[in-house]
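Colleague: These protein sequences, in sequence, are chains C and D. Positions 842 to 954 (the working numbering) are the ones given, in order, by the first sequence. Positions 66 to 181 (the working numbering) are the ones given, in order, by the second sequence.
FYI, nobody ran anything at the bench for these hints, they're computed from the structure. Backbone N, C-alpha and C define an ideal beta-carbon position, used for all residues, glycine too. Don't take every hint at face value.
[Said to hold, decoys possible] Just some of the chain C residues that point at chain D, by a computed CB distance under 8 Å:
no., residue
1, Tyr907
2, Ala927
3, Phe942
[Stated by the list, open to error] Derived SDA-like pairs: lysine to any residue, alpha-carbon spacing no greater than 20 Å straight-line:
no., chain 1, residue 1, chain 2, residue 2
4, D, Lys76, C, Ser844
5, D, Lys122, C, Ser844
6, C, Lys901, D, Lys76
7, D, Lys76, C, Gly884
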Amino acid sequence: GDSVTQMEGPVTLSEEAFLTINCTYTATGYPSLFWYVQYPGEGLQLLLKATKADDKGSNKGFEATYRKETTSFHLEKGSVQVSDSAVYFCALSSSNTGNQFYFGTGTSLTVIP
Amino acid sequence: GAGVSQSPRYKVAKRGQDVALRCDPISGHVSLFWYQQALGQGPEFLTYFQNEAQLDKSGLPSDRFFAERPEGSVSTLKIQRTQQEDSAVYLCASSRNREPLFYEQYFGPGTRLTVT
């Protein structure tokens, strides 16, 4: 069945470092891909999305490109800030899954000054 | 109202008790979802409503789990005869469209259920 495999954490970076969180997926159809973020004490929020191959989602300096050939949707940011400390979830949804979203296990990021 | 709200935020139940978890979606949102999030895991789909119709309940782990949305707005997730393995955070999300694949799901803060 459809699934998402996400890089395990926790990840600790210094401020202004480059961030990559890996995400790969398995899907029988043509999924839409998402990154959600959960800040401490808050609910999940959509960070960015891509709905077809080669699309690039971007928001708040974060980017992820939908790569069908490698079945990946890696999250990147060129210069992280302390305020980016959160848990990041990769997710997919496709016509084969109906209205279900499949989430990865989450990657905890801590950015230190 | 701002976002999705859930109540209670925390619930402790003794094994065997029944619990009811409430979700108030964003006004006017057609779609409503329930997820279960175990500690250290990502959310797992439980069930989906479009207005008052429960279109998908394939993720409900057993017949002890029951969800309803009788007027197409507020939803209640009920767990009967709770077991320790039911301990998790239960998340509710709503979406404004009937086709949520391409639209944002807005999540509530969750209800943390602990079964002792």
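Colleague: Could you run down the list of hints and mark each one as holding or not?
Modeller: Now for the hints, and whether the structure bears them out:
1. Tyr907: violated (13 Å)
2. Ala927: violated (14 Å)
3. Phe942: At 6 Å from the nearest chain D Cβ, Phe942 of chain C passes the 8 Å test, so the hint holds.
4. D:Lys76 to C:Ser844: Status violated; Cα separation ~30 Å.
5. D:Lys122 to C:Ser844: Judged against 20 Å, a Cα distance of about 18 Å means the pair holds.
6. C:Lys901 to D:Lys76: Distance of about 35 Å is beyond 20 Å: violated.
7. D:Lys76 to C:Gly884: Given pair Lys76 of chain D, Gly884 of chain C holds - Cα atoms ~17 Å apart, limit 20 Å.
Violated hints, in rising order: 1, 2, 4 and 6; the structure is consistent with all others.
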